[in-house]
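Asks: Add chain B to chain A, keeping to what the hints say.
2 protein chains.
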Amino acid sequence: MKPYAFGVDIGGTTVKIGFFKSDGTFLDSWEIPTRTEEGGRKILPDIARSISKKVKEAGISLDQVEGVGVGVPGPVMSDGIVNKCVNLGWGVVDVKSQLSDLLDNISVEVANDANVAALGEQWRGGGMGFENVLMVTLGTGVGGGVIIGGRILHGANGAGGEIGHMKVRDDETAVCGCGKRGCLEQYASATGIVRISNLALERDPKRETSMRRFDPLTAKDVFDCARQGDAVAGEIMEEFGKALGEAIAHITCVMDPDVVVIGGGVSKAGQMILDVVSKYYKEAAFFPQKNTQFKLAVLGNNAGMYGAVRMIISDK
Amino acid sequence: MKPYAFGVDIGGTTVKIGFFKSDGTFLDSWEIPTRTEEGGRKILPDIARSISKKVKEAGISLDQVEGVGVGVPGPVMSDGIVNKCVNLGWGVVDVKSQLSDLLDNISVEVANDANVAALGEQWRGGGMGFENVLMVTLGTGVGGGVIIGGRILHGANGAGGEIGHMKVRDDETAVCGCGKRGCLEQYASATGIVRISNLALERDPKRETSMRRFDPLTAKDVFDCARQGDAVAGEIMEEFGKALGEAIAHITCVMDPDVVVIGGGVSKAGQMILDVVSKYYKEAAFFPQKNTQFKLAVLGNNAGMYGAVRMIISDK
Chain A
0 MKPYAFGVDI GGTTVKIGFF KSDGTFLDSW EIPTRTEEGG RKILPDIARS ISKKVKEAGI
60 SLDQVEGVGV GVPGPVMSDG IVNKCVNLGW GVVDVKSQLS DLLDNISVEV ANDANVAALG
120 EQWRGGGMGF ENVLMVTLGT GVGGGVIIGG RILHGANGAG GEIGHMKVRD DETAVCGCGK
180 RGCLEQYASA TGIVRISNLA LERDPKRETS MRRFDPLTAK DVFDCARQGD AVAGEIMEEF
240 GKALGEAIAH ITCVMDPDVV VIGGGVSKAG QMILDVVSKY YKEAAFFPQK NTQFKLAVLG
300 NNAGMYGAVR MIISDK
Chain B
0 MKPYAFGVDI GGTTVKIGFF KSDGTFLDSW EIPTRTEEGG RKILPDIARS ISKKVKEAGI
60 SLDQVEGVGV GVPGPVMSDG IVNKCVNLGW GVVDVKSQLS DLLDNISVEV ANDANVAALG
120 EQWRGGGMGF ENVLMVTLGT GVGGGVIIGG RILHGANGAG GEIGHMKVRD DETAVCGCGK
180 RGCLEQYASA TGIVRISNLA LERDPKRETS MRRFDPLTAK DVFDCARQGD AVAGEIMEEF
240 GKALGEAIAH ITCVMDPDVV VIGGGVSKAG QMILDVVSKY YKEAAFFPQK NTQFKLAVLG
300 NNAGMYGAVR MIISDK
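Which chain is which? The protein sequence lines are A and B, in order. Per numbering that gives the first Met the number 0, the very first residue in the first sequence carries number 0; after that it's consecutive. Per numbering that gives the first Met the number 0, the very first residue in the second sequence carries number 0; after that it's consecutive.
So that you can see chain A by itself, here it is in the shape it has in the complex (with noise of 0.2 Å):
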């Protein structure tokens, strides 16, 4: 294997950029802005362009690098293809050979975001020394990637890991944003906890509760209260807890994973949010996977960069 490699996460404003020893060794990083005007064309060769100027300063050669990893914030396909990126202005990009072109004929790997960042903690994150690992983001929305064996879940559809649209409730009256009812992501994201709140704010009006004090009520406010030992976010709390853990229990009597990873900003409550999700995990869970391990991600906003060149330097 060559000396160096590279781990490219692109997101809608910036694009995290990571410079490693193909041993794994992290070397530096940095960003660049995302430039999404003209449908997003001058991303790849922004990127290409850091890179090339990075070999340079580091006194190498592109030939001494092993290859580019690059996490996508879409579907990506098996041969490496974008299938439409909203947020990069993106439609079908073929990732893979452009960047290849633009630096030499390097090797590229290309995946999806969440699916690069899944990997990146199972690597040298909350799943580190694991081989099959559930990577659960808590976010805005709530999204997942699967590794199995070392290796990313694609799917067929370069949808593997979407847990956000599983449906956990036959009850919501609701609509999500997919379209369906009672998906996950209405319970479990920071905004379903916000929208799960004030649905129990306004269904009982006269109820005391600290939450009343904040306006715009967020996730964060309401993990605060419950932990202050307020009666309404607690219950907020075990609503979040029941449909995130019967969610995971859905999936590991599937894929049986040795570990699952919560991250994503809803995380940072941090052990609480263990705690609620494994009570409710263990009453639905199948009994091999009873005592499956839960466990808080830790890279943050470098998982995608980590992921990225692992794609690159892995044996598996």
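Just so you know, the hints here were simulated from the structure itself, not pulled from any lab data.
Here's a subset of chain A near chain B, in silico, CB distances under 8 Å, partners left out: (1) ILE162; (2) VAL253; (3) ASP255.
Simulated crosslink set (BS3-like; lysine-lysine; CA at most 30 Å straight-line): (4) LYS294/B to LYS179/A; (5) LYS179/B to LYS179/A; (6) LYS83/B to LYS289/A; (7) LYS294/A to LYS179/B; (8) LYS20/A to LYS315/B; (9) LYS315/A to LYS1/B; (10) LYS15/B to LYS1/B; (11) LYS83/B to LYS281/A; (12) LYS294/A to LYS83/B; (13) LYS179/B to LYS281/A; (14) LYS95/A to LYS315/B; (15) LYS315/A to LYS289/A; (16) LYS1/A to LYS315/B; (17) LYS83/A to LYS289/B; (18) LYS289/B to LYS179/A; (19) LYS278/B to LYS83/A; (20) LYS179/A to LYS281/B; (21) LYS179/B to LYS289/A.
Beta-carbon label-pair distances, calculated as ranges: (22) THR190/A to ARG211/B: 47 to 53 Å; (23) LYS315/B to PRO44/A: 34 to 40 Å; (24) GLY23/A to THR13/B: 48 to 54 Å; (25) GLU282/A to GLU282/B: 22 to 28 Å; (26) GLY38/B to GLN227/A: 53 to 59 Å; (27) ASP103/B to GLY11/A: 56 to 62 Å.
In this text, a Cβ means the ideal position worked out from N, Cα and C, and glycines have one as well.
Replies: The following block gives chain B in isolation, referenced to the frame of chain A:
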């Protein structure tokens, strides 16, 4: 690769053995009884003897055999060790090492029988031509297997693909064999279909239905009545279809397969099964997977033998 290979499917009553060329050509298959007495200690020597005899008959030697793949009715760890197999009388058995020792250190691969059958259907059955397959087996219970990139998803506890104990209903009062309530198996196995049918008959004792003519009622009777337009049997079909279709939607949003293959005794009802399951599936599925294909299994009891040999001769 050496020119020959064997696929072995160990069942509670008989062991099915298939003899193949390493290019996948089927040569011969036969069965021997499964001798479960004395803690099942005769099973592996019986298999080794039967394979040695076939090798001799064919005028070849073990040196020309690439290996033996084995499917076992219990959880199998990634190192080929079986961890309790009630139907065979086994506790912890190192199938991989023991069978290899009995056959001049030949290569042996071992996996759970439902997972091996899934691999067989992916290779030569309903999932042929696809790399990512979810196999659902509707028999006395509900089993399953997941094939990702042409390889079995074994899982951390050797329990990958165990979809029968996915919780699909919150309102169930009856307890499943696994100790939980609301498991898929309670609605979608042959036993489950009879169970919900009998409940429907008891709930409304005066309602006319041709299902009352059968004693004891079987799942096949229920499907036959539904096919002939019986309204109560039709409602059972819908209940069955909703439970299974929604459970499959839970799975596809995570593993995003190319195709879902439905097998097992219940699947003999044919196209009407696919119709009712895919109707509810489409309602619950996340949009990238709305058009996931549904197919019937085609290999029947031979699926295990095919999948077992495939573990040996695949380049995955």
